[in-house]
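Colleague: Each chain, written out:
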Amino acid sequence: MTSIRPSQVKRRSQLARRHIELGAEFEHCSNLIVVKDYGSQTEVDQAKKLGLADLSTLPRIGFKGTGAPDWAAYHGVTLPQQPNTSAVQKDDSLVAKLSHQELLILSDLGVTSTQIERLEDSPIAAQTYALPRADSHCWLAVTGNQAAEMFSKICAVDLRAHKFANGEVAQTSVARANSIVIRHDLGSTPCFYVLTDASATEFLWDCLLDAMAEYTGAPVGVSALRTLS
Amino acid sequence: MKLLTCPLNGPRNIAEFTYGGEYHPMPDPNITDTRAWAEHVFFHDNAAGVVTEWWCHTASSFWFLAERNTISDEVIRTFEASELFNQRIDFVATNSKEGKL
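Listed in order, the protein sequences are those of chains A and B. Using my numbering, you'd call the opening residue of the first sequence number 1 and step up by one each time. Using my numbering, you'd call the opening residue of the second sequence number 1001 and step up by one each time.
Simulated from the structure, these hints should not be mistaken for laboratory data. Do not take every clue at face value.
List time: in silico BS3-like cross-link candidates among lysine-lysine, alpha-carbon distance up to 27 angstroms [stated by the list, open to error]:
(1) A:Lys49 x B:Lys1002
(2) A:Lys163 x B:Lys1002
(3) A:Lys163 x A:Lys10
Pair ranges (Cβ atoms, derived) [to be verified]:
(4) A:Val88 x B:Pro1011: 25 to 33 angstroms
(5) A:Gly110 x B:Ala1047: 34 to 42 angstroms
(6) A:Gly110 x B:Ser1061: 30 to 38 angstroms
(7) A:Ala213 x B:Pro1027: 56 to 64 angstroms
Glycine included, C-beta positions come from ideal geometry on N, C-alpha and C.
Turn these sequences into a full structure, and let the hints steer you where they fit.
Modeller: Following this line, the structure appears as structure tokens:
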């Protein structure tokens, strides 16, 4: 029995029950609760091969509109040059450009970045609209050298390393669910963030684990991801 | 597999797209009578040949236009809506106009 429970904070992942069933150890991260690990001593090795992590409680937000890029740049966001690419910020948060007029901002794994909080508190400019991505989308991470091959079973976009470079973004269908896929490697380990409509969270989690089974993929905690990054 | 090239996301499986109907330039609502407005909203040409159509890449909610030959089902080109919609249109509330069909 873990001493920290997801129900101790207001926001918990749609997968909280799945994590408890899997024997997860939770940890406080800023004012959130994330899965630290699942009790395995080899989770870092697992993440290097093929791992699945739930980052759904970590902060994220989006902005859309003709004024959004200039407004974000004014507030210190380093914008990617092209749509469907992402840029790592100085504070390790990640900004993905989904179109000429749409941004998605993801927290770093340690939740040390204050950029999302700052942007949420900043007065919004004309023709700029906030998108509550933390409420609308789940956030999973698929890690490991076998991740791209596993994705070929459930995603039509070629995510192999020589076709889909680090930092690239694909808005596509994953297991028939509309998803945003961002390649954001952890050190030398390939990592793909997958953001999908929150209502499909459990479906996607189960689909990914099912697709990962033949490669002996398994859930991993945030602790293993932090070790690799 | 049938592919369609999204101007934002590149070539994708047709299953990722939603058809949005024929494109028609919008008539000026201030000078258009009710019949012409109904024609614009409800009726389509359904032409045999090259037509311009709205399509949406559902994974990114990106609407764009495609020129497609409805006889051969060949897509001639796809392009961003900003190519045609490059000016903001503000609708000013006016007194409702009585129209007769």
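Colleague: Confirm or reject each hint.
Modeller: Right, here's what the structure says about each hint:
1. A:Lys49 x B:Lys1002: Since the Cα atoms of Lys49 of chain A and Lys1002 of chain B sit roughly 33 angstroms apart, the hinted pair is violated (cutoff 27 angstroms).
2. A:Lys163 x B:Lys1002: holds, 21 angstroms
3. A:Lys163 x A:Lys10: violated, 40 angstroms
4. A:Val88 x B:Pro1011: 25 to 33 angstroms: Holds - the Cβ-Cβ distance for Val88 of chain A and Pro1011 of chain B, about 28 angstroms, lies within 25 to 33 angstroms.
5. A:Gly110 x B:Ala1047: 34 to 42 angstroms: violated, 58 angstroms
6. A:Gly110 x B:Ser1061: 30 to 38 angstroms: holds, 31 angstroms
7. A:Ala213 x B:Pro1027: 56 to 64 angstroms: Holds - the Cβ-Cβ distance for Ala213 of chain A and Pro1027 of chain B, about 57 angstroms, lies within 56 to 64 angstroms.
Checked against the numbered hints above, the structure violates hints 1, 3, 5; every other hint is satisfied.
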